Amino acid sequence: ETGVTQTPRHLVMGMTNKKSLKCEQHLGHNAMYWYKQSAKKPLELMFVYSLEERVENNSVPSRFSPECPNSSHLFLHLHTLQPEDSALYLCASSQRLGGTGNQPQHFGDGTRLSIL
Amino acid sequence: QKEVEQNSGPLSVPEGAIASLNCTYSDRGSQSFFWYRQYSGKSPELIMFIYSNGDKEDGRFTAQLNKASQYVSLLIRDSQPSDSATYLCAGLGSYIPTFGRGTSLIVHP
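Here the protein sequences line up with chains H and S, keeping their order. If you read the first sequence in this note's numbering, its first letter stands for residue 1, the second for the next number, and so on. If you read the second sequence in this note's numbering, its first letter stands for residue 1001, the second for the next number, and so on.
Keep in mind that the hints were calculated from the coordinates and are not lab data. What you are looking at is a predicted structure, and each value in this text was computed from that prediction instead of being measured. All C-beta atoms, glycine included, are put in the ideal place defined by N, C-alpha and C. Fair warning: there could be bad hints in the mix.
[Said to hold, decoys possible] When the alpha-carbon atoms are kept at most 30 Å apart in a straight line, the in silico DSSO-like pairs for lysine-lysine are as follows:
| # | chain 1 | residue 1 | chain 2 | residue 2 |
| --- | --- | --- | --- | --- |
| 1 | H | K40 | S | K1042 |
| 2 | S | K1042 | H | K18 |
| 3 | S | K1002 | H | K22 |
[What the hints assert, rightly or not] Computed, partial: chain H to chain S, Cβ under 10 Å:
| # | residue |
| --- | --- |
| 4 | Y33 |
| 5 | K40 |
| 6 | V48 |
| 7 | V55 |
| 8 | E56 |
| 9 | V60 |
| 10 | A92 |
Excised from the complex, chain H in its bound form:
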């Protein structure tokens, strides 16, 4: 039980499809994050929300659209993705922005996305 739940765990979609990834945290945290994890590459921060307001958009293409309706839920809407977008998408949350040693980021198990 990680406290951060992501659905679906696996997603296969065509380049013209529209889908959404969902993240829910049960930890009462104030900050939530989307990361992209590709093989042999560092974890890439995509978006950061603090108290439902976006505080960071790390030059992510517009085909990725985040939504944070409340502090417990985070979505990533996907539209006309490219094959290079195939990766593991991780959601994380923390009590404070960036996390601390005593209150670190907690990660979900991720959604494995494959673009055909």
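Using the hints provided, position chain S relative to the given structure of chain H.
Just chain S, lined up with the frame of chain H:
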């Protein structure tokens, strides 16, 4: 460009040996450093953090920080096969952590 560099490995050590994982960072503004362990198909899990120069020990794990050399390391004593995983190093400056690509550790019996 803030970067955290790690050798991707794999680092292979025999059971019972000391595993040494290394990380360098470019952002001198980074104040805190984290080591996460990630098993295949699972989420990263924080195992150590350090923000002062020197060593910090927690059980079989020791984190070492040298801010002058911009170097962070993680030592795992008495390595076990269950320690086999990818270890991610991250630095935190303002509020956005920067991660390395991770080092794969294999502990063989």
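Against the structure, the hints come out as follows:
1. Restraint check for K40 (chain H) and K1042 (chain S): the C-alpha separation of about 16 Å stays at or below 30 Å, so the hint holds.
2. For the proposed pair K1042 (chain S) and K18 (chain H), the alpha carbon gap of about 26 Å is at most 30 Å, so the pair holds.
3. For the suggested pair K1002 (chain S) and K22 (chain H), the alpha carbons sit about 29 Å apart, so the restraint of at most 30 Å is met.
4. For Y33 (chain H), the interface hint holds, since its Cβ comes within 10 Å of a Cβ in chain S; the closest pair sits about 9 Å apart.
5. Satisfaction of the interface hint for K40 (chain H) is found here, the shortest Cβ-Cβ separation to chain S being roughly 6 Å, below the 10 Å cut-off.
6. For V48 (chain H), the interface hint holds, since its Cβ comes within 10 Å of a Cβ in chain S; the closest pair sits about 7 Å apart.
7. The criterion of a C-beta within 10 Å of any C-beta in chain S is met by V55 (chain H), whose closest approach is roughly 8 Å, and the hint holds.
8. The criterion of a C-beta within 10 Å of any C-beta in chain S is met by E56 (chain H), whose closest approach is roughly 6 Å, and the hint holds.
9. For V60 (chain H), the shortest C-beta to C-beta distance to chain S is roughly 14 Å, which exceeds 10 Å, and the interface hint is violated.
10. For A92 (chain H), the interface hint holds, since its Cβ comes within 10 Å of a Cβ in chain S; the closest pair sits about 8 Å apart.
Taken one by one, the earlier hints fail for this structure only at number 9.
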